[in-house]
Amino acid sequence: MTDKKEKTTIVLFSGELDKAIAAFIIANGAAAYDHEVTIFFTFWGLNALRKDSPVPVKKGWLEKMFGAMMPRGADRLGLSKMNFGGIGPRMIKHVMKKHRALTLPQLIELAQEQGVKLVACTMTMELLGLQEEELLDGIEYAGVAAYLGDAADAKVNLFI
Amino acid sequence: MTDKKEKTTIVLFSGELDKAIAAFIIANGAAAYDHEVTIFFTFWGLNALRKDSPVPVKKGWLEKMFGAMMPRGADRLGLSKMNFGGIGPRMIKHVMKKHRALTLPQLIELAQEQGVKLVACTMTMELLGLQEEELLDGIEYAGVAAYLGDAADAKVNLFI
Amino acid sequence: MTDKKEKTTIVLFSGELDKAIAAFIIANGAAAYDHEVTIFFTFWGLNALRKDSPVPVKKGWLEKMFGAMMPRGADRLGLSKMNFGGIGPRMIKHVMKKHRALTLPQLIELAQEQGVKLVACTMTMELLGLQEEELLDGIEYAGVAAYLGDAADAKVNLFI
Numbered sequence: 001m002t003d004k005k006e007k008t009t010i011v012l013f014s015g016e017l018d019k020a021i022a023a024f025i026i027a028n029g030a031a032a033y034d035h036e037v038t039i040f041f042t043f044w045g046l047n048a049l050r051k052d053s054p055v056p057v058k059k060g061w062l063e064k065m066f067g068a069m070m071p072r073g074a075d076r077l078g079l080s081k082m083n084f085g086g087i088g089p090r091m092i093k094h095v096m097k098k099h100r101a102l103t104l105p106q107l108i109e110l111a112q113e114q115g116v117k118l119v120a121c122t123m124t125m126e127l128l129g130l131q132e133e134e135l136l137d138g139i140e141y142a143g144v145a146a147y148l149g150d151a152a153d154a155k156v157n158l159f160i
Numbered sequence: 001m002t003d004k005k006e007k008t009t010i011v012l013f014s015g016e017l018d019k020a021i022a023a024f025i026i027a028n029g030a031a032a033y034d035h036e037v038t039i040f041f042t043f044w045g046l047n048a049l050r051k052d053s054p055v056p057v058k059k060g061w062l063e064k065m066f067g068a069m070m071p072r073g074a075d076r077l078g079l080s081k082m083n084f085g086g087i088g089p090r091m092i093k094h095v096m097k098k099h100r101a102l103t104l105p106q107l108i109e110l111a112q113e114q115g116v117k118l119v120a121c122t123m124t125m126e127l128l129g130l131q132e133e134e135l136l137d138g139i140e141y142a143g144v145a146a147y148l149g150d151a152a153d154a155k156v157n158l159f160i
Numbered sequence: 001m002t003d004k005k006e007k008t009t010i011v012l013f014s015g016e017l018d019k020a021i022a023a024f025i026i027a028n029g030a031a032a033y034d035h036e037v038t039i040f041f042t043f044w045g046l047n048a049l050r051k052d053s054p055v056p057v058k059k060g061w062l063e064k065m066f067g068a069m070m071p072r073g074a075d076r077l078g079l080s081k082m083n084f085g086g087i088g089p090r091m092i093k094h095v096m097k098k099h100r101a102l103t104l105p106q107l108i109e110l111a112q113e114q115g116v117k118l119v120a121c122t123m124t125m126e127l128l129g130l131q132e133e134e135l136l137d138g139i140e141y142a143g144v145a146a147y148l149g150d151a152a153d154a155k156v157n158l159f160i
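Protein chains in written order, with our numbering: chain A, 1 to 160; chain B, 1 to 160; chain C, 1 to 160.
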C-alpha cells in the first residue's frame, strides 16, 4: 500500500450545473493532490458529457425524445436551485467569470488533462438512448461493477 | 480484518424513482461482490419501502395527511428530473422494460434475497407518521447510531 | 492510528431544511461517538449558516440580489419535497416540536458545543457574495484543499 496512490471516486448522478461544478472542483482538487480520481457519470449526470451539437445517430423515437429534452452538454445545464427558467445559470456564469473561476467546460478539460478518469455508465446510456458518438472524446465506458471496483479501494467516495 | 467481509453503506434520503434505482443497483452490485450491504432509509427514502395499498393503522390527522401526500411504495415514486406529472416515470419504466432492466420492486426483492440489510430510520418514521405495519416485510428498524456503527466500518459510504 | 480519533466529513451542498437536518443529525451522532467531525458548507448549504437578520455590508447589485433571493438562515430553509410554498416546512417543524426533536438552529448549536467543525467554503462565498459578517459566529473559512485534507483521513465521507 505504501507507494500506491490514494483514490477518490465520485458518482455524478445529477444533471445540474452547480452539482457538476462541485463534482469537478473536488475531482480536480483531489487530482492536484495526486489522488487517482474517477468520476462515474450515471443518469442525468451523463448530460454534462454530451457534445454541444447534435450528432447524427440512429435512434428510436423514445430515445430521440429523451435526447431532445435533456440538456446538450456542460454549457446548457440548469441549476438545482434558483434556476428561474435559465436566468439563474446565466447569473452564476456571470459571477464565475467575474471571479475568474473556471467554467464547467474548462473544469472538464482540466480534469482530462490531469488524468481524472471520466467513465460513462453504459447501463443508463442505454436507458436514455445516448450513444458513444454523442459524448465527449476521451471518455471511458463501463458498468456498475467497474465503479464498485474503484470505490472499494477509494478513501473518498461521494454520490453527487 | 482478513476474513471479514467488506461493508458498503448507503443512506437513501431521496424519495425519487431514479435515485432509488441507483441506490439499489449499487447495493445489489456490492452484494454480488460479497460486500455486507446496508441501506438506511430516512426521510423521503422511506416511501420506497411502503406497501402499495393502505394499511389500517391509527394516526393523527397530520400523520394521515403526510401518508396521503407521499407516494405509496416503490412503484409510485416520481423522477428527480423530467417528471412531467408522472409521464417521465412511465417513460423510464417503459425503456427499462424494453432493455429488460429490473424494476424497482424487483431490485428491492433481489436485494432482500441477496441479504442486503434494509433499515428504516425510526426517528423519521415517527416524524412522518409511518408505522412498521405500513412498510414491507423483512425490514429492520434502527436509529442514526446503528447507521453510524455500520458506516464507520464501511469502505464505501454514500448519501443518495 | 491507535489513539487517533476517527473522522467523519460531510459536504453540505444543499440548502434545504430536510437535508440540513439529516446532515446535522449524522454529524451530532458521530460527534457523540467521539469522531472528529467536519461539515463543509458549499453553494446553497451556506444558507444554513446565515444570520437571520440582514447584516450591513457593502455589496455589488448581483451579490445583493443573490443575498435577497436566498433564504436567510437555518430557520427559513425550504423542503426538498412537499415544500408547498412554505407550508411543508411548517408542518415538519410542527411534528418535530411534537416529538421533541431538536430544531435545526438547536442542532447547529449542539454541533458547535460538541466541537463539530463548521467550515464555510470561501470560493462559493465569493461567488454568492456572502461575507463572513453575515454568517454565524464560530465558523471556520477554508477552500476545497482543506476539505480534501480532512476527507482523505475520514472513515465516513458524505455529500449531502
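Don't take every hint at face value.
The list treats identical chains as one, so a pair stands whether inside a single copy or across any two.
[Stated by the list, open to error] Once the Cα atoms are required to be at most 30 angstroms apart in a straight line, the calculated DSSO-like pairs of lysine-lysine come out as:
#1 K97 / K155
#2 K59 / K93
#3 K98 / K5
#4 K81 / K5
#5 K58 / K4
#6 K117 / K58
Think of the hints as simulated: they come from the structure by calculation, not from any bench. Quick caveat, the model's predicted, so the values are computed rather than measured.
How the hints compare with the structure:
1. Neither within a single protomer nor between protomers do K97 and K155 lie at most 30 angstroms apart by alpha-carbon distance, with minima of 33 angstroms and 36 angstroms respectively.
2. Taking CA atoms no more than 30 angstroms apart as the test, K59 paired with K93 passes between copies only; the shortest distance there is 18 angstroms, against 33 angstroms inside one copy.
3. Neither within a single protomer nor between protomers do K98 and K5 lie at most 30 angstroms apart by alpha-carbon distance, with minima of 35 angstroms and 41 angstroms respectively.
4. For a Cα distance limit of 30 angstroms, the shortest separation of K81 from K5 qualifies neither inside one copy, at 36 angstroms, nor across copies, at 36 angstroms.
5. When the C-alpha separation of K58 and K4 is checked against a cutoff of 30 angstroms, the pair qualifies neither within a copy, at 43 angstroms, nor between copies, at 48 angstroms.
6. In this assembly of identical chains, the alpha carbons of K117 and K58 lie at most 30 angstroms apart only when taken from the same copy (28 angstroms versus 42 angstroms across copies).
When each numbered hint is compared with the structure, violations occur for hints 1, 3, 4, 5.
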